[in-house]
Amino acid sequence: MRLLSPLSWLISPLALLTLWALVAKAGLFPVNLLVPPLEVWHSFAELLATGELQEHLSGSLSRLALGFAGGSLAGLAFGTALALSKTLEAYCAPLFHTLRQIPSIALIPMFVLLFGVDETFKVVIVAKTAFFPVALATCEGVRAIPRSHFEVAAVYRLRWTTLVGRIALPAAVPAIVTGVRVALTRAWVVLVACELLAADSGLGQMIEMARQMLRIDVVMVGVVVTGVIGFTLDFGLRRLERRLSNWQSR
Amino acid sequence: MKVRDMRGLVLPLLMVGAWEYASRQGAAGAYAFVPLAQVASAMAELLGSGELLINLWASLTRTCTGLGVGIVGGIGLGALMALCGPANRLIAPLFHALRQVPMLGWIPLIALWLGNGESAKLLIVSLAALYPMVLNTFESRRQVEGQHREAAQVLMLSRWQQLRLILLPAAVPGIAAGVLQALAFAWVTSVGSELFLSSGAGLGSLMMNAEAAARMEIIIVCVLCIGLSGYLMSWLCTLLSRRLLRWRPNR
Chain W
0 MRLLSPLSWL
10 ISPLALLTLW
20 ALVAKAGLFP
30 VNLLVPPLEV
40 WHSFAELLAT
50 GELQEHLSGS
60 LSRLALGFAG
70 GSLAGLAFGT
80 ALALSKTLEA
90 YCAPLFHTLR
100 QIPSIALIPM
110 FVLLFGVDET
120 FKVVIVAKTA
130 FFPVALATCE
140 GVRAIPRSHF
150 EVAAVYRLRW
160 TTLVGRIALP
170 AAVPAIVTGV
180 RVALTRAWVV
190 LVACELLAAD
200 SGLGQMIEMA
210 RQMLRIDVVM
220 VGVVVTGVIG
230 FTLDFGLRRL
240 ERRLSNWQSR
Chain F
502 MKVRDMRGLV
512 LPLLMVGAWE
522 YASRQGAAGA
532 YAFVPLAQVA
542 SAMAELLGSG
552 ELLINLWASL
562 TRTCTGLGVG
572 IVGGIGLGAL
582 MALCGPANRL
592 IAPLFHALRQ
602 VPMLGWIPLI
612 ALWLGNGESA
622 KLLIVSLAAL
632 YPMVLNTFES
642 RRQVEGQHRE
652 AAQVLMLSRW
662 QQLRLILLPA
672 AVPGIAAGVL
682 QALAFAWVTS
692 VGSELFLSSG
702 AGLGSLMMNA
712 EAAARMEIII
722 VCVLCIGLSG
732 YLMSWLCTLL
742 SRRLLRWRPN
752 R
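Chains as they are written, first to last, in the numbering used here: chain W, 0 to 249; chain F, 502 to 752.
Hints in this document: simulated from the structure, not taken from any laboratory.
Check each hint, because a few of them may be wrong.
[Unchecked claim] Derived CB-CB ranges, DEER-like:
| no. | chain 1 | residue 1 | chain 2 | residue 2 | range |
| --- | --- | --- | --- | --- | --- |
| 1 | W | Leu98 | F | Ile555 | 25 to 35 Å |
| 2 | W | Phe149 | F | Gly574 | 12 to 22 Å |
| 3 | F | Ala528 | W | Leu98 | 53 to 63 Å |
| 4 | W | Arg146 | F | Val511 | 45 to 55 Å |
| 5 | F | Ser620 | W | Leu37 | 21 to 31 Å |
| 6 | F | Arg747 | W | Phe230 | 36 to 46 Å |
| 7 | F | Gly549 | W | Phe149 | 53 to 63 Å |
| 8 | F | Ala598 | W | Ser84 | 41 to 51 Å |
| 9 | F | Gly574 | W | Leu157 | 34 to 44 Å |
| 10 | F | Gly551 | W | Ser147 | 26 to 36 Å |
| 11 | F | Gly527 | W | Leu33 | 32 to 42 Å |
| 12 | W | Phe149 | F | Ser659 | 34 to 44 Å |
| 13 | F | Gly527 | W | Pro12 | 32 to 42 Å |
| 14 | F | Leu548 | W | Ser84 | 39 to 49 Å |
[Claimed, not checked] Covered stretches of chain F (in silico footprint by chain W; criterion: 3 or more residues with CB under 8 Å from a CB of chain W, positions within the stretch not fixed):
| no. | segment |
| --- | --- |
| 15 | 554-560 |
| 16 | 576-586 |
| 17 | 633-647 |
| 18 | 651-659 |
The beta carbon of each residue, even a glycine, is placed where N, CA and C say it ideally should be.
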């Protein structure tokens, strides 16, 4: 049993796959509602071969990269400023915490009217989604740096660059990376949602078009690819997070 | 303190002012940036006709029903996974694999299978509430203190007594945290699902129809309403859990 244990994780996914194939084959449901797994795989291969999938994927990912880079950099800057300046905090914190409460999804119709259904709207909404978690995490991360660290730096008369690079950054970075991870996952979800609602390319649009044409196989390929991308992004940042906070446990 | 409070108002007021200014810059400006008076009258109109309340009520009921289903199912599934090793081995891989797909990504698939009616939305909201509940319930088994475990062994408590007297009380704070998360997810997903499947009542449907008619003022009222209700619900939930967890020693 012990020897089998790593493999036992595979039991349920394989069982589900088999069940799916059997039920599809038995013809309990119409074929266009429950597509056999093999056919889903074939449409995946077909989408890959024609390059359609890659095209949609690169469209989605470049939007994500653009919006996320803008939003998280702004969040980083704003969060740091918010943590360091009492004046800025007095002016901006109430507005910041109020706007933070509004879910990005709820803003989609508003942004469509403001920016149109083109590229701008998607990039802006991804940037907005990324901004708030990153800003919040940065603000808390910078605030959590112990005062004594700065006092030690003052005693040793460290240079400004050393203070930031060797003391402030390592202390604040783990919290910030956690914020970035949360932001990236949310940004991906919101982007796919936007593309489902209004887009001319991208993974979400591929799913939505397939839905309208009743191509469940393509919808499933899209759903799985969305999940895999989300997982990969999260997994990568989780590794980074663990790496950067290694020194803390020691 | 007083002065500080006033300073927080400067930026929102400036933004509102800029909005109002933009709305007066010709027809194009008034299209996207509707004048504040129009927002106020839309609010009065929606409240007066009861349209806002009907849609808000529909969204809230859906969120609460889905949350209820998610909480019960999530605690059950999470407890099963935490207490029974083989069940965990069977369920965990599937659960974590399915969890990776964004909630709103399921909507097209679920809509194809269940149509775009109430049942599809309810399923999506329940699933959204289920994930955090399972995770938090499962994780809270680690919250059991070693001393309590040892005491249970010394007293030779039966399995049922262990569950009732030790495991369950230890898990309650974790579960409460899960409910708070699940509430937020359920609310967002409820509104999101209404945006996609905009048949029937709900704030999301109201917004989608307003978008089609380019009625920015209705969208603004809806967004305000969504933000406010979400905030109020999580505030109530925090208050409730704090009251229910009074017995806990402060750590």
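ask   = Is the distance from the Cβ of Gly574 of chain F to the Cβ of Leu157 of chain W consistent with 34 to 44 Å?
value = 55 Å, violated
_CB-CB spacing for Phe230 of chain W and Arg747 of chain F relative to the 36 to 46 Å hint_ = Distance hint for Arg747 of chain F, Phe230 of chain W holds at roughly 40 Å.
Range hint 32 to 42 Å: satisfied by the CB atoms of Gly527 of chain F and Leu33 of chain W?
Given range 32 to 42 Å: violated, Cβ gap about 54 Å.
* Between Leu548 of chain F and Ser84 of chain W, does the beta-carbon spacing fit 39 to 49 Å? -> Given about 40 Å between the Cβ atoms, the range holds.
So does Phe149 of chain W sit 12 to 22 Å from Gly574 of chain F, Cβ to Cβ? 49 Å, violated
- Query: Does the hinted range 25 to 35 Å hold for Leu98 of chain W and Ile555 of chain F at CB?
  - Reply: Holds, since Leu98 of chain W and Ile555 of chain F (Cβ atoms, about 27 Å apart) stay within the stated range.
Does the Cβ pair Ser620 of chain F, Leu37 of chain W satisfy 21 to 31 Å?
29 Å, holds
Inset, instruction - Count the residues of the segment 576-586 of chain F whose CB lies closer than 8 Å to any CB of chain W, then report whether that count reaches three. - result: Check failed, 0 qualifying residues.
Worksheet item: Lying within 32 to 42 Å: is that true of the beta-carbon distance Gly527 of chain F to Pro12 of chain W?
Response: For Gly527 of chain F and Pro12 of chain W the Cβ distance comes to about 59 Å; the hint is violated.
Given that the segment 554-560 of chain F was listed as covered by chain W, double-check it with a C-beta distance under 8 Å for 3 or more residues. violated (count 0)
Item to complete: Evaluate the given range 45 to 55 Å for the C-beta pair formed by Arg146 of chain W and Val511 of chain F.
Response: The hinted range 45 to 55 Å is violated for Arg146 of chain W and Val511 of chain F, with Cβ atoms some 29 Å apart.
Quick check on a hinted range of 26 to 36 Å for Gly551 of chain F and Ser147 of chain W, using CB atoms only.
At 59 Å between Cβs, range violated.
In this structure, the hints that do not hold are numbers 2, 3, 4, 9, 10, 11, 12, 13, 15, 16, 17, 18, in rising order.
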